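Trainee: If you read the sequences in order, they're chains A and B.
Under the numbering used here, the letters of the first sequence match residues 1 to 112, in that order.
Under the numbering used here, the letters of the second sequence match residues 1 to 113, in that order.
Bear in mind the hints are in silico, worked out from the structure with no lab data behind them.
Please read these numbers as outputs of a predicted model, since none were measured by experiment.
Even for Gly, the Cβ is constructed at its ideal location relative to N, Cα and C.
Watch out, some of these pointers could steer you wrong.
[As the list claims (entries may be wrong)] Simulated restraints, written as ranges between beta carbons of each label pair:
#1 61(A) with 81(B): 15 to 23 Å
#2 20(A) with 15(B): 26 to 34 Å
#3 112(B) with 22(A): 13 to 21 Å
#4 61(A) with 9(B): 38 to 46 Å
[Said to hold, decoys possible] Cut-off 20 Å, straight-line C-alpha distance, at most; resulting in silico cross-link-like pairs (SDA-like, lysine to any residue):
#5 26(B) with 67(B)
#6 100(B) with 79(A)
#7 100(B) with 67(A)
#8 79(A) with 13(A)
#9 69(B) with 44(B)
#10 69(B) with 63(A)
#11 100(B) with 13(A)
#12 100(B) with 56(A)
#13 26(B) with 53(B)
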Amino acid sequence: SQTIHQWPATLVQPVGSPLSLECTVEGTSNPNLYWYRQAAGRGLQLLFYSVGIGQISSEVPQNLSASRPQDRQFILSSKKLLLSDSGFYLCAWSNDRGYGYTFGSGTRLTVV
Amino acid sequence: SQQGEEDPQALSIQEGENATMNCSYKTSINNLQWYRQNSGRGLVHLILIRSNEREKHSGRLRVTLDTSKKSSSLLITASRAADTASYFCATAMFSGGYNKLIFGAGTRLAVHP
């Protein structure tokens, strides 16, 4: 069965520090991968998506970047965090057939 | 930008009552999906309805889709305290080689024992 792992669960980082959040998927190959951000009490905003290794598309201009070094690994990064980067970050995967997304358990990032 | 808009933003009911949440969207879609999120957790996929379907059932869940009105509703029958969560609709549009999923802001459901 397919599983998705996302870590860490919580993170407190100072302004200006770097960020690296990792997401891995097991039990499937060539998944579509996504990074979403959720502000408190709000819906999800799509940040990045990837349909294959090295293929990254950004939905909104921001202080973040994403990479996909391996088929089932998706990394969200920042060189220098801003206060506005605080939020709940969710990784998800889907297949090409347009079925539902499977989400990771999320990382709550607080930039102080 | 947000594609789906849920209504109401918050809903408070007693156990055993039915809960109805609505979702409106703006553009043509391939399918519409409903997700549930417990506080501070990831989202869980509940049900998917395709653009050529009008109604779908899954256990105590009933979803309707009206593409002419660009709206959908999620009905949870005989609600339980464990149904307390936020519920999101998400519209899927094929764009850039994949089904792009856009989420609404969600409805916070509280079911009181």
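Trainee: Checking each numbered hint in turn, tell me which of them this model violates, lowest number first.
Mentor: 1, 2, 3, 4, 6, 9, 10 and 11
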